[in-house]
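2 protein chains.
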Amino acid sequence: MKIAVLGTGPVGHALAGKLVSLGHEVTMGSREAGNPKGTAWAAQAGPGASAGSFAQAAAAAEIVVNATSGTVSLAALAEAGARNLSGKVLIDVSNPLDFSAGFPPSLTVCNTDSIAETIQRTYPQARVVKTLNTLSAPVMVDPGRLPGTHDVFVAGNHEDAKATVVGILQEFGWPPGHIRDLGGLDAARGMEMWLPLWLRIFLRQPEGKMFNIGIVSE
Amino acid sequence: MKIAVLGTGPVGHALAGKLVSLGHEVTMGSREAGNPKGTAWAAQAGPGASAGSFAQAAAAAEIVVNATSGTVSLAALAEAGARNLSGKVLIDVSNPLDFSAGFPPSLTVCNTDSIAETIQRTYPQARVVKTLNTLSAPVMVDPGRLPGTHDVFVAGNHEDAKATVVGILQEFGWPPGHIRDLGGLDAARGMEMWLPLWLRIFLRQPEGKMFNIGIVSE
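First to last, the sequence lines map onto chains A and B. Heads up: the first sequence runs through residues 0 to 217, numbered per numbering that gives the first Met the number 0. Heads up: the second sequence runs through residues 0 to 217, numbered per numbering that gives the first Met the number 0.
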């Protein structure tokens, strides 16, 4: 499929690289078409990889991935343009973490709203699916690197869009039984509000050791 | 030890019952000394069990457990009385869930504060430890009922108080490697903000099946 990955950070790189390796046509989008990170990525990522502005990436895509920081996601999507998002699956991987006051960060939106719901309200013609935001980038695209079973979450108001995203997660290596559909997009509140606990667990992890949570059930 | 369990709901019952079974002297505290739930519990819980007002329970105790709903915890602790909390380990198991607007509930405090920190600020002479709030009551006191390894968290500003609480968690059956000390009491924000995700997972669980999360690490 033709996929736009908006964002040139570690999450954007992990997702774009994995999608190219799976045979998708991927455009890494950034604020300026000539962004050096995007250009450098496209030059080494192999066939199917290209780079462009947010608008160029989104215009060419069937699926748009928001891999920008949550604090700038609305600005990035505005540059992508409502027309280029209309009717498309919009995978929101962002977290609205505000580190401006240091650590621990706060969330710019939470409790009775989420960045995912904000995006859906702003672009009602897009079909927003929240997923993967609960994980480190390397684990998102390679769940097998952790020993034992662990889980990824999906939320959204459009069942067909969620099915498309579940398909991509399975391509990434997520076992169907560990892709947890939490229901409507308001479940994104919990997925984003998990981050403060994730960060505290992260701080106590042995240096460089990736982790995730697995649901242990009776 | 002499332990006050403030609260007569499912969490209070689970904790008070387990603590009595382990040989502790437990007073279940409630708003009124003659509360039928407290009296009924004390009558059947066996030797070491008694019931009383919040103040009576806290006055007699070395350790006080706040097992009231987060929305009423400050009122309950005010009735317990600052003098009866001073110098004591105060185990906060509460979650500030507000269901007044229906489901999903919101949190009455979150993001840049927590109910645990609010309690610590209100009672600076108490030594507040946040724990067990991330779990269903039956799992709190019987971690072995779930198959496989899973985790419980601890946070607080007083190392000696945390050590006391870790000892009680081990008495409950929590393996030392799965009692995760997250650091200072500000980590309670993340532990409380986990609840919205917990609730969404709970809704998708098979009827009546308890669960928890386990940290899966490289």
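For the record, the hints were derived by calculation from the structure and aren't laboratory data. Since we're looking at a predicted model, the values are computed, not measured. A virtual CB, placed ideally from N, CA and C, is assigned to each residue, including glycine. Check each hint, because a few of them may be wrong.
[What the hints assert, rightly or not] Residues of chain A placed beyond 12 Å of chain B at every Cβ, according to the derived structure: (1) Q55; (2) E61; (3) T111.
[Stated by the list, open to error] Taking CB as the label site, the calculated pair distances span: (4) L21/A to G143/B: 22 to 28 Å; (5) G45/B to S216/A: 17 to 23 Å; (6) P146/B to L21/A: 19 to 25 Å; (7) L21/B to P137/A: 41 to 47 Å; (8) S85/A to G147/B: 41 to 47 Å; (9) G183/B to K208/A: 21 to 27 Å.
Quick rundown of the hints versus the structure:
no., hint, verdict
1, Q55, "holds (35 Å)"
2, E61, "holds (28 Å)"
3, T111, "violated (5 Å)"
4, L21/A to G143/B: 22 to 28 Å, "violated (41 Å)"
5, G45/B to S216/A: 17 to 23 Å, "violated (32 Å)"
6, P146/B to L21/A: 19 to 25 Å, "violated (34 Å)"
7, L21/B to P137/A: 41 to 47 Å, "holds (43 Å)"
8, S85/A to G147/B: 41 to 47 Å, "holds (45 Å)"
9, G183/B to K208/A: 21 to 27 Å, "holds (22 Å)"
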